[in-house]
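> What follows is the residue order along each chain.
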Amino acid sequence: MKNIFIIGTGGSGKTAFGLSLGKALQDAGKKVAYFKPVGSTLRQDSVDQDVVLMKETLGLEADLEDMVPIQCSPFYLTKYPHNKDYMPIIRAAYEKVAKDADHVIIEGTTSPRTMFALGLDAFTLAKEFDAGIIMVKRVEHDGEFDRLMLYNEYIDLKGLKRIGTVFNNIPHALLDKTKGIYQTILEEHNCEVYGVIPANVRISSPTVKEINEVLGGELLEGDTGLNNIVEDILIGAMTLESALHYLRRAANKAIVTGGDRADLLMAAIETNASVLILTGGLYPSVNVLARAHEKKIPVILVHYDTYTAIEKLHDVARKISPTDLEGIEVAHDNFNKFVEKDRLLEKIFTL
Amino acid sequence: MSGVDIFFNPKSVAVIGASKAREKVGYAVITNIIKSGYQGEIYPINPKESEMFGYKVYPSIDVAPETDLAVIAVPAPYVASVAEACGKKGVKGLVVITAGFKEVGKEGLALEKELMEIVDRYGMQMMGPNCLGYIDTHTPINASFVARPPIKGDIAFFSQSGAVCVAVLEWSLKRNIGYSKFISMGNKAHLNEADFIEEAAKDPHTRVIAGYIESVEEGERFLEIAREASKEKPIVLIKSGVSEAGAKAASSHTGALAGSNVAYDTAFRQAGIMRAKSLQELFDLASAFAKQDAPKGNRVAIVTNAGGPGIIATDSVELNDLKMASFEKETVDNLRAGLPAESNVYNPVDVIGDAGEDRFRYAMEHVMKDPNVDAVLVLMVATAMTGPHEIAELTVEMHKKYPDVSVVGAFMGGETIDEAFKLMSDNNIPAYTFPEQAIESLARLVKYNELRERLQRQTEVEEFDVNKEAVASIFKKVKEEDRVVLLGSEAMQVIEAYGIGSAPVALAKTAEQAGDLADAMGYPVVLKVASPKIMHKTDVGGVKLKLQTREEVEQGFIEILENVHRYLPDVLVDGVEVQKMLPQGREMIIGMFKDVQFGPMIMFGLGGIYVNLLQDVSFRLANGLNREEAMEMIQETKAYTLLKGYRGEKQADIDGVVETILRVSKLVTDFPEITELDINPLFAYEESVNSIDVKITIS
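Chains L and D are the protein sequences, given in the same order.
351 is the number that the working numbering gives the last residue of the first sequence; the numbers go up by one with no jumps.
1050 is the number that the working numbering gives the last residue of the second sequence; the numbers go up by one with no jumps.
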């Protein structure tokens, strides 16, 4: 099987998985290419950052524009008129990228159904390129699992080739359930499962840098610590004593509060917060900044209110960047530790 | 030798930045040193001058003669290079008056760090930066820029605030309060309150140590030093930033997280430090201690010419945990024989408004002779018959005659009493305007005696047989999973490893598993949701009690998951804990939190869901907690009454509670990564104790 299509939903860790799969194939002596027919640019970047990561990390030669020919947005039907056929554009780009490759890893976008209206959803694309499909899925509740089952069924109905499923980025609390229940049900339905990868905050939680890109705040302090990860968000609106209790119970936290709450800010600093986010445009005292600097904790000032800040924070997603060597290492480690690599490669080679 | 003593006995001092210009700080410092009568060598340093005030001026410290001390008053950017030159020259102590360091933010912080690096490298001692300097009235030396120096006295005073220094100085001059040492600590970059307490404890000219602080720099060292020092002499401190708004202001001002107020209270008490609530009280106490030794006991006699104030004073005695002395029969008989019939001859002794000096004298003679009297309050209101001055003279005379009885004065009045006050003060008798102040000071003197006795008693911390490895391995697993909060079952294993009575609990991932566990434990059982994200399990429908059958358990498991999902849809639970339901015991709480300044604090009190409402709790530092103190913790709360047996109940296993407190202390001192721990409730039975729910947070 030359083409491998990775399908998943946002936050499932498709890219990290694809990266490690690519490396595994390279290690097996194969020439690997990477293709993302439909890309998405969440922020101000001009190119989908996943593609940059793949190109640089796997040492690929193709042009970035060819690796991701179409850009999706929530209003894509405005940009791409529906009476036009885009498949030839994608096909042309694919041909350039796939030249000489033994395997092409094709990554789907945020959701498999994205751009369904133009016939550019993941399933149609997989058929177009005669790709074997790997579902990479984070399942947090039974409803998510239903969806996974539905996708698998749909793959069969469309006559597509199915490699199997990898549960990825699974919270510790759900590991047992995933192995004991979800995996069992899939296997009963003849869906192969190649691994259950536990969540690792190092690659599943956003960094302070990513948070600030979304907040668009003023970085009052941030010479260091921009790579701190943020797992939890606390709003500081209580008394110091109550706050301390919550602060201690949260690891890798961002605290969102006003710059005039010196007491809470100091408590957040002393309990090793990942970042202080000050709302309402209230500057903190110089002493707070000095202490944050000393403890290497970034301080972001935004000029809007706390609610807006929290809303924006919901949109932050973790992306591994090409320079994040530790993140890349964690992804490879996860793959090697929790995925049945030999069985998976065997299936790819023989399908 | 700590090296701090160099400030109090320097053979020579250089003033870097000394100036002839009156508006300059460097002018105030050099002239203050000269005027203070300092006997050592003085070297003004200023590149633009050759002579000032009759002294040769050196262009830089490099070319000046060797010197013990350097006072630095040059702009902040030059301080580091000047300090470096001082280091090379072999200067032992620096007083950095210059501001513009940590207190102004990041750039200042960088300067302060650079300065500290130099100070450390040359092994120098440094006061400040950003301070007023210091004064030693006995050496004497006044290396500060204060306008008027204090008079000589027995109080060593240090302050984190320069403004407090200035205000206190002015006020003390008017009140005739003298100081042995007067220190403005500034940013406390190097020397801090602990160093000055240590130094003052050794100083023969200091009888009492007083200070104003906003934060404590090195909590544990501070306590250790204070504990030793308060065996020698009293320490009275005022710590600001105790209210919520105050803590906010202090954090903003000092750039440090304010430790909790209860931690300061507890730590101070355990170190023998008396905590003043106001500046007024600080100096009332300091002057009382400076003037007199503590009374030998707590029995107070009152001699007054004023009935109403006498009653107020009597109330005050009781309110402050002192006792009204009860006189020997002989004393009462004598008083009755010599005083008018309408006088009160019992304590308080009322010699009536028309009393003159003679009647006061008669009463005081007999009262002070009485062996049941440890202290006397002379309480007078000026009348036509009695001048305050006469009574003050009499009080001084009586104090000399009966030196074993402590004496305080309360002279109620306006300008007429000023002279009396001065006379009393000059003769080391504390005098106040109102009786409550006088009694409060007396009470604190007595309290200090008790504190000192306690500190001097040798106390030993018990050793217990515990399984450290088991705890370490649980913590390791939790950290590997990037968690900071332990599951209930893990927390229970931790305390079990420390030999603390525990009710076994196991984690079930499925309803079936829960049923199996319950079958194995035997019924009835309790189910509790397991998730580090949930702090109050009952509030989200996460607890089921008294389940009697397997069906109930399996049903309960599902209901808990559904309830929690309804309240907290985003929380992923780890499962449900199954625990054997134990018979109801008397509910206690043993808790612990880590204070930023003083480390782990242990809390004990009445447990259950009303803990936050009743707040019937006591606190101690975990470090060094011994059996006697653990028992006192219990006795301080109403829980003690409950444990002893209330309304016909039998006594509960108090020793078991004490031991649990001690074992928890050991656990949290052995594992400094524990930031919070709660055993709530701890069931106390007649023969044993058992932990029902345990929460542990680590860092």
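Hint data in this document are derived by calculation from the structure and do not stem from the laboratory.
Possibly wrong hints are sitting among the right ones.
As the list claims (entries may be wrong) - Pairwise CB distance ranges (calculated): (1) L/H303 <-> D/A596: 55 to 65 Å; (2) L/Y307 <-> D/D1021: 37 to 47 Å; (3) D/D1021 <-> L/P171: 48 to 58 Å; (4) D/E902 <-> L/G29: 55 to 65 Å; (5) D/D1021 <-> L/Y283: 49 to 59 Å; (6) D/A823 <-> L/E311: 37 to 47 Å; (7) D/D1021 <-> L/K161: 35 to 45 Å; (8) L/M87 <-> D/E902: 52 to 62 Å.
All figures in this text were calculated on a predicted structure; none of them were measured in a lab.
Note that beta-carbon positions come from the ideal geometry of N, C-alpha and C, so glycine has one too.
> Hints first: check each against the structure and report whether it holds.
Now the hints, each set against the structure:
1. L/H303 <-> D/A596: 55 to 65 Å: For L/H303 and D/A596 the Cβ distance comes to about 25 Å; the hint is violated.
2. L/Y307 <-> D/D1021: 37 to 47 Å: holds, 44 Å
3. D/D1021 <-> L/P171: 48 to 58 Å: violated, 31 Å
4. D/E902 <-> L/G29: 55 to 65 Å: At 59 Å between Cβs, range holds.
5. D/D1021 <-> L/Y283: 49 to 59 Å: violated, 43 Å
6. D/A823 <-> L/E311: 37 to 47 Å: Holds, at about 42 Å.
7. D/D1021 <-> L/K161: 35 to 45 Å: violated, 58 Å
8. L/M87 <-> D/E902: 52 to 62 Å: Cβ of L/M87 to Cβ of D/E902: about 58 Å, so the range 52 to 62 Å holds.
The structure fails hints 1, 3, 5 and 7 (numbered hints given earlier, in ascending order).
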